[in-house]
Amino acid sequence: MKKEIIIAGFGGQGVLSMGKVLAYAALMEGREVTWMPSYGPEQRGGTANVTVIISDEAISSPILNTFDVAVILNQPSLERFEQAIKPGGTLIYDPYGICVPPTRTDISIYTIDAMDLAAEMKNAKAFNMIVLGALLRIFDSGNLTYVEQALAKTLPERHHHLIPANIEAIRRGMQAVQSQSS
Amino acid sequence: MNKNSEDIVLMKGNEAIAHAAIRCGCDGYFGYPITPQSEIIETLALEKPWETTGMVVLQAESELASINMVYGGGATGKRVMTSSSSPGVALMQEGITYMAGAEIPGVIVNVQRGGPGLGTIQPSQGDYNQSTRGGGNGDYNVIVLAPASVQEMADFVDLAFTLSFRYRNPAIILSDGVIGQMMERVVLPPFKPRRTEEQIKAECPWAALGRTKDRPRNVLTSLELDPGKQEEVNLRLQRKYAEIKAREVRYEEYLTEDAEYLIVAFGSAARIAQKSIEDCRRQGIKVGLLRPITLWPFPTERIKQLAEQVKHILAVEINAGQMVNDIRLAVEGRTPVSHYGRMGGILPTPDDINNQINTLL
Chain D
13 MKKEIIIAGF
23 GGQGVLSMGK
33 VLAYAALMEG
43 REVTWMPSYG
53 PEQRGGTANV
63 TVIISDEAIS
73 SPILNTFDVA
83 VILNQPSLER
93 FEQAIKPGGT
103 LIYDPYGICV
113 PPTRTDISIY
123 TIDAMDLAAE
133 MKNAKAFNMI
143 VLGALLRIFD
153 SGNLTYVEQA
163 LAKTLPERHH
173 HLIPANIEAI
183 RRGMQAVQSQ
193 SS
Chain F
5 MNKNSEDIVL
15 MKGNEAIAHA
25 AIRCGCDGYF
35 GYPITPQSEI
45 IETLALEKPW
55 ETTGMVVLQA
65 ESELASINMV
75 YGGGATGKRV
85 MTSSSSPGVA
95 LMQEGITYMA
105 GAEIPGVIVN
115 VQRGGPGLGT
125 IQPSQGDYNQ
135 STRGGGNGDY
145 NVIVLAPASV
155 QEMADFVDLA
165 FTLSFRYRNP
175 AIILSDGVIG
185 QMMERVVLPP
195 FKPRRTEEQI
205 KAECPWAALG
215 RTKDRPRNVL
225 TSLELDPGKQ
235 EEVNLRLQRK
245 YAEIKAREVR
255 YEEYLTEDAE
265 YLIVAFGSAA
275 RIAQKSIEDC
285 RRQGIKVGLL
295 RPITLWPFPT
305 ERIKQLAEQV
315 KHILAVEINA
325 GQMVNDIRLA
335 VEGRTPVSHY
345 GRMGGILPTP
355 DDINNQINTL
365 L
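Top to bottom, those sequences are chains D and F.
With positions in the first sequence counted from 1, the corresponding number in this note's numbering is that position plus 12.
With positions in the second sequence counted from 1, the corresponding number in this note's numbering is that position plus 4.
So that you can see chain D by itself, here it is in the shape it has in the complex (with noise of 0.2 Å):
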């Protein structure tokens, strides 16, 4: 097994959290891992992005041209990481704030309405575990013990209350992502 991750953002959106706890519950299970952040200037308002990569054996770069998942969370992403999934792979995106859609037919997309259900949760920070629910639910990774222990080991201690909220968040993104294609 070996997947290689974009997840790619607004800064602010919680795309660098986002994949650390992605990486986390993978280092959990037992898999090798890699996490390497755009870094510099990156603030709310600027593009993030997040190269994770899950692996059964060593990783060799932590830098990719293609990939074989990518996590879209607005416009100027969409752009620039869209031509870069390999054929057969996946997008997922969140289709607020995107005047102009995928058009790629060789990949499998997918939706999740995670600002909305956001704001309808009436939790702005829940928006990057709901995309998180999205991603897991494609992975098929219903067993939610290593996110759990994830959240534990990237939260700090006085922020632990929260870890129900985030597992409920991103149950709601499991049940609400939605496939493009069908």
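Calculated from the structure, these hints are not laboratory results.
None of the values given here were measured: they were computed from a predicted structure.
Hints are all accurate, no fakes.
Derived DSS-like pairs: lysine-lysine, alpha-carbon spacing no greater than 27 Å straight-line:
1) D:K15 x F:K290
2) D:K98 x F:K290
3) F:K52 x D:K165
4) F:K308 x F:K290
5) F:K308 x F:K249
Computed far set for chain F versus chain D, every beta-carbon distance over 10 Å:
6) D159
7) K205
8) E236
9) A246
10) R306
11) H343
12) N362
Note that CB positions come from ideal geometry on N, CA and C, so glycine has one too.
Chain D is already provided as a structure; the job is to place chain F on it using the hints.
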């Protein structure tokens, strides 16, 4: 496969450096923040080792101050270190040549970014020449270790201190923004206590620890105005460097046994190159990788041997072509050598390297 979750740590290369320093009995860290390595001092500040091991952590007023604090600490036999990124390490060169001249141990971590000048905060390997040629004035060398993973970031801190004290010579960990910023699984080294004053006295008879009745005063200086004596110092240093070259060369090979083409790459470039080799092998192209772990001393002999075996050697570096010159010196025309690199904070991709290999066929 699933181990006790407490044993599993995912962290950045920069964080691993900080944790490894605390665990390997480091006595002091002196540094000044600069992207992409500020997590080192941030992690040290969060961990507060002064409350546990007694390790000093100090944010100096500049890189010049940092390296001279390392000079002072090293002169007393303490395991002390600093870290910075390219423009900051450029500032430290005076201190480093003084340490080399006075034979003072100490560890300098350089998480490289693109230059020249203030350049970019994105990754680069543009400081290869600076690190492997000394970097400051005079005839000297520093030991240069090039980590290619977060695990090696952790492991090389203790190794750098060990080599630095073994030879009374500064050692550089030459990393880059990729290895510093990426997260991977890491097994942190076990805790090793800081050495006691008595242990330092026994291990470092040269250290400036104050005059005692039972031994003469130690003077550590790089100044010697008598040319005859200064030449003696230089000859002694050259003998030491020859010994380091004979004993401390380290490298790793990947699929070189049957290789017809060889990539030589270090640090993050070696990781990217390894992926392109996986792709080349699937296409039936026999490419191998030699990854120098010590950039100085350089694995000259092994490259010379491999030059007899392969049709072409490609240096992949995130710079304009620096290590490629050391490869050419090793190969001495036995086989063609070329270079591929990117600059300005742009990283070569596995496909870029793959395309380069295809042009050699």
